[in-house]
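**Q** Generate coordinates for the entire structure from the input sequences, incorporating the hints supplied.
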Amino acid sequence: MSRKLGALVLAMGILVGAMGIKTVLSAKMTGQTMMANGPAPWPIPPPQQPPPGQP
Amino acid sequence: MPGPIDLIIWFLGTAFELAFVVCSLARKSFLRYFFLNLYLLLSTTVSIGRFFILWSYGQRSGQYMYFYFYSDALLTVALFVALISLYSHVLGELTAGEYVKWGAVFLLLGTAGFSYAVVAQSANRLSTNFAYELSQNLYFVGLVLTYILWGAVLKLRETRTRLVQIILSLGLYFSAYAASYALLNFSGKFSMMRYICPALGCFLPLSWSLTMLRYTDESRLVPARLVAVPR
Chain A
59 MSRKLGALVL AMGILVGAMG IKTVLSAKMT GQTMMANGPA PWPIPPPQQP PPGQP
Chain B
6 MPGPIDLIIW FLGTAFELAF VVCSLARKSF LRYFFLNLYL LLSTTVSIGR FFILWSYGQR
66 SGQYMYFYFY SDALLTVALF VALISLYSHV LGELTAGEYV KWGAVFLLLG TAGFSYAVVA
126 QSANRLSTNF AYELSQNLYF VGLVLTYILW GAVLKLRETR TRLVQIILSL GLYFSAYAAS
186 YALLNFSGKF SMMRYICPAL GCFLPLSWSL TMLRYTDESR LVPARLVAVP R
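Protein chains in written order, with the working numbering: chain A, 59 to 113; chain B, 6 to 236.
None of these hints come from the bench; they were simulated from the model.
Since the model is a prediction, treat every value here as computed from it, not as a measurement.
Careful: at least some of the hints might be erroneous.
Claimed, not checked - Calculated cross-link-like contacts (lysine-lysine; reagent style DSS-like; alpha-carbon spacing at most 27 Å): (1) B/K106 <-> A/K62; (2) A/K80 <-> B/K106; (3) B/K160 <-> B/K106.
As the list claims (entries may be wrong) - Derived CB-CB ranges, DEER-like: (4) B/Q126 <-> A/G78: 21 to 31 Å; (5) B/I201 <-> A/S60: 44 to 54 Å; (6) B/L12 <-> A/V74: 39 to 49 Å; (7) B/T50 <-> A/V82: 30 to 40 Å; (8) B/Y75 <-> A/V82: 23 to 33 Å; (9) A/G64 <-> B/L30: 14 to 24 Å; (10) A/S60 <-> B/F57: 48 to 58 Å; (11) B/S132 <-> A/V82: 27 to 37 Å; (12) B/L161 <-> A/V67: 15 to 25 Å; (13) B/V110 <-> A/T81: 23 to 33 Å; (14) A/G71 <-> B/T50: 14 to 24 Å; (15) A/M70 <-> B/V86: 37 to 47 Å.
For each residue, glycine too, the CB sits at the ideal point set by N, CA and C.
**A** What follows is the structure, encoded as structure tokens:
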């Protein structure tokens, strides 16, 4: 296996793991969650996507 | 406008960010930890910009929201690059530089692609939602990457105190954010997080500054103080 392919497989594994953790932690999404850099106060979060089929 | 406690946390956090850069310069480690310094310099600049926009337009204005999320995406990418530079420090003695470089590129592109796929159906404010989603997703990627890096530190029996403490601080920072994210989702009490999350933003530059002040590049940990990992 080439180095690039190995790195690609590893990167995809990390991405899947990270998105898995995010999905588990945001199981009861309220639409107000956010993580942010720096100590500045939060603005209003952008509107969340409506579920498919809803306007 | 934010309250006095918000402002105190904000000013302290910005001061700590600047303090790290000053400490790095004073310790002659600016170039050695260039990407950490770049991240905190960018963060200081963004913090000042956010303050002026908030002062001019208010916390609930569209201008502040747009500036906040675009600058946050930029800062998260900078933090990702800083984290990858720590990989280069830890794995520098191995011939893994090629893996790290390509892995980082694939991971960044993969996260951007995934974030775009999530927000692609949104016709309105596509770029704002993309910036927001990318930033959130990169945080979780950073969390996983930091734990893998900590595993590498243990496995390779890394003894450089400064490097170990910088990585530990980053791990604590990401873990605390993930915990607050989970807590907010499960409790739904937005007001509870008003002070906790900005205070976490102060923690990282403070701990890095203390590390930079207290230890030199020659400081070493006694190997027995790390978890013993049989080879």
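**Q** Between B/S132 and A/V82, does the C-beta distance stay in 27 to 37 Å?
**A** Distance hint for B/S132, A/V82 holds at roughly 28 Å.
**Q** Take the C-beta atom of B/L161 and the C-beta atom of A/V67, compute their distance, and say whether it sits inside 15 to 25 Å.
**A** Given about 22 Å between the Cβ atoms, the range holds.
**Q** Does A/K80 pair with B/K106 here, judged by a C-alpha cut-off of 27 Å?
**A** Given that 27 Å is the threshold and the Cα spacing comes to 25 Å, the pair holds.
**Q** Sort out whether B/K106 lies within 27 Å of B/K160, counting only the CA atoms.
**A** holds (21 Å)
**Q** Given a hinted range of 14 to 24 Å, is it respected by the beta-carbon distance of A/G64 and B/L30?
**A** Violated - the Cβ-Cβ distance for A/G64 and B/L30, about 38 Å, lies outside 14 to 24 Å.
**Q** Check the following: the C-beta atoms of A/S60 and B/F57 are separated by a distance inside 48 to 58 Å.
**A** With a Cβ separation near 49 Å, A/S60 and B/F57 satisfy 48 to 58 Å, so the hint holds.
**Q** Are B/T50 and A/V82 spaced within 30 to 40 Å by their CB atoms?
**A** holds (35 Å)
**Q** Starting from the range 23 to 33 Å, see whether the pair B/Y75 and A/V82 falls in it by beta-carbon distance.
**A** holds (28 Å)
**Q** Return holds or violated for the Cβ distance of B/Q126 and A/G78 against the range 21 to 31 Å.
**A** Roughly 22 Å apart at Cβ, these two residues keep to the hinted range, so it holds.
**Q** If I claimed the Cβ atoms of A/M70 and B/V86 lie 37 to 47 Å apart, would that claim hold in this structure?
**A** violated (20 Å)
**Q** Using the Cβ atoms, figure out if A/G71 sits within 14 to 24 Å of B/T50.
**A** With a Cβ separation near 35 Å, A/G71 and B/T50 fall outside 14 to 24 Å, so the hint is violated.
**Q** Honestly, do B/V110 and A/T81 meet the 23 to 33 Å range at C-beta?
**A** At roughly 25 Å between Cβ atoms, A/T81 and B/V110 fall inside 23 to 33 Å, so the hint holds.
Hint violations for this structure: numbers 9, 14 and 15, all remaining hints satisfied.
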